[in-house]
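Participant: Now for the letters of each chain:
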Amino acid sequence: MLQAFAFYLFAALVIASATFTILARNPVHSVLWLILAFFNAAGLMIIIGAEFIAMLLVIVYVGAVAVLFLFVVMMLDIDFAELRASFMKNFPLGIAIAAVLLAELVLGIGAWQSGGLELGTASGEAAPLLGRSNIESIGALLYGRYLFLFESAGLILLVAMVGAIVLTHREGRAVRGHQDIAKQIARRPGDATVNTRPESGKGVTL
Amino acid sequence: MIPVFEGWGMSYEAAWTVSTIAGILLIALPLMLAVAMVIYVDRKIWAAMALRRGPNVVGPFGLLQSFADGLKVFLQETIVPSAANKGLFLIAPIITFTVALAAWAVVPFNSGAVLADINVGLLYILAVSSLGVYGVVMSGWASNSKYPFFSAMRAAAQMISYEVSIGFILICVVLWAGSFNMNEIVLAQRGHGLGIVNGFVFNLLLFPMWVMFLISSLAETARAPFDLTEAESELVAGYQTEYSSMSFALFWLGEYANVLLMCTLNAVLFFGGWLPPLEIGFLYWIPGFVWLLLKIAFFFFVFSWIKATVPRFRYDQLMRLGWKVFLPLSLAFVVLVSGWLMFTRYGA
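Residue numbers (this note's numbering), protein chains in the order written: chain R, 1 to 206; chain H, 1 to 348.
The hints are simulated quantities; they were obtained by calculation from the structure and are not laboratory data. Mixed in with the good hints, there may be bad ones.
[Stated by the list, open to error] Which chain H residues face chain R? A few, computed with CB under 10 Å, are given here:
| id | residue |
| --- | --- |
| 1 | 156 |
| 2 | 167 |
| 3 | 168 |
Since the model is a prediction, treat every value here as computed from it, not as a measurement. From the three backbone atoms N, C-alpha and C, an ideal C-beta is built for every residue, glycine too.
Assemble the whole structure, with the sequences as input and the hints as a guide.
Facilitator: And the structure:
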C-alpha cells in the first residue's frame, strides 16, 4: 500500500513537473520545475531499490548541474515571447527528437528484456547480487567486469575537461591582483618601513 | 520502535507510519529547542570574547532571550516586496528550513538510535546539504533586488566549490570505514588510535582531512570567516535583506540547524560520534547520546570562537582556498589513503 502510494506520488509529480517545465512562462521557473522532476525521479529510483543511483542523481544533477543551469538562466535576460514566436518553426525538429528518444527507449527496453548484456534479469527486476549492498555490487561491476569501459569513460571526461580549459585559458593576459600568500606572510615590518630622524629643514629622500 | 507499536495490535504499515512520525518529532522538536539555545550560547560566547555581558535580561541569565525573539518575530507582519516573485519568495525560506531538518534523519544518536538506518547515509547527507543552496539562490532571485541577487550568486559559487572538496574528504573517511552507513562509520572508529582513543582524527592520514573538513564546513554553512553571502559591509544582509517576520526566522533557524548538523558531522565522522573519547569500559556507562551532545557542544564552541576572532575572507581568497588548496590536497589524500589501505588492508 505504502509503496504503491509512494510510486504514484513520485510518478505523478515527475510527470506534472516535467509538463510545467515546458509550460512555465518564466525560464527560471522552468529550471526549478526541472529540478523538482529530477528530485522525484530520485524518489522513484529509491522505490526500485537503487538508492545509490538515487543519491548520485540528487548530488550530481540537482546539487551541481541544475545549480549551474539556474545560475546561467538567472544571469541571462531571456526574452521568452521571442522564443515562443519561433515555436512553430522548431516544431518539426522537436517532434523528430522526441521520436528518436521514444525509439531509443523502446529499443533499450527490448534489448534489456532479451537479456543480452547480462545487465539484469529479463523479468524486469534488477540484477540480484544477494547479500551485498547496492554500492558494493555497483563497485564490483564497474571495477570488475566493466573496468575498461569505465576507465575509458573517465578518460573521455578528462579529455573534455582539458579541452574546456584550453578553450578558456588565455596565455599572457596580465593577471590582475595576483596574490602570493607566502610572500605576504614572509614580509616583515622592516621590509616596508624605515625609521629615520631627519634634521629639520632637510626632509627625507625616498 | 516498530515492534512496540506492532505489539499494540497495529499492522506493520500502521506501526511503521506511527513510529516514523514519532521519530521525526523526537528529533525535530529537541532540535528546534537546541537551535534556540544555541543562538543564545552563540551570543553569550561572542559577548564573553568581546568583554561584554551578552543577553542577560529575559529569564535567568537571559536564557529565554531566543524565545522572546521568536515571539517578537512571530507577531510581526510578513512583508512581501511588490516587485518580488511572490511564490518563490515565500517558498525559499521553507526550503532552507526543511532541508536543514531533513538531513538529521540519518544522524546516529546512539548505537542503533537512527531514524533511517540506510546504507547510503553519508551520501544522503551530501545530497540533502547540496539542496540547501536552492533556498539561498531562490530567495536572492525572487527578492528582485540587487544585493540579495549578488548574495545568491556568491552563495551558489561558494557552496558548490566547497562541496567538491568535502566530497573528497568524505571519500577518505568512507574508504577507511568501509561503509557509507553512519553507524558503521562510528563503529569503525572504535579503538582507532592504538586501541586507546576512539576517532578517526587520531589517524595521521585522516587528521589533515579533519582540519580541512572543519574549514570546509565553515564555508559550507557560510559562517565567519566565510560569511560572504551576508557580508553586511557590502551586501546589507545578503539574501535575507528583503525578508521579515517568520520568513526571516525560518532562514535563521535553518542556518543554525545547518551549523549544528556540521558540528555533528565533525563529531560523527572524525571524533567517534556516540562513542566515549577513550576506549575504557566504564565510560560506556554514560549513554552514547551524552557523549555525542558533548562533542557537538565542543564543536559549536569552536565555531563561535572562530566567528568571534577571525576576520572575513575576501571572495577571491575564498575561491583560491577552495579550488587551489583544498581540492588538490584532498585529491592527493584520496590517493594516499586508498594506497595505504591497499597496502595494509586489502594487499596481496
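Participant: The structure should be examined with respect to each hint, and the outcome stated for every one.
Facilitator: Each hint, compared with the structure:
no.	hint	in the structure
1	156	holds (5 Å)
2	167	holds (8 Å)
3	168	violated (13 Å)
Violation of the numbered hints given earlier is confined to hint 3; every other hint is satisfied by the structure.
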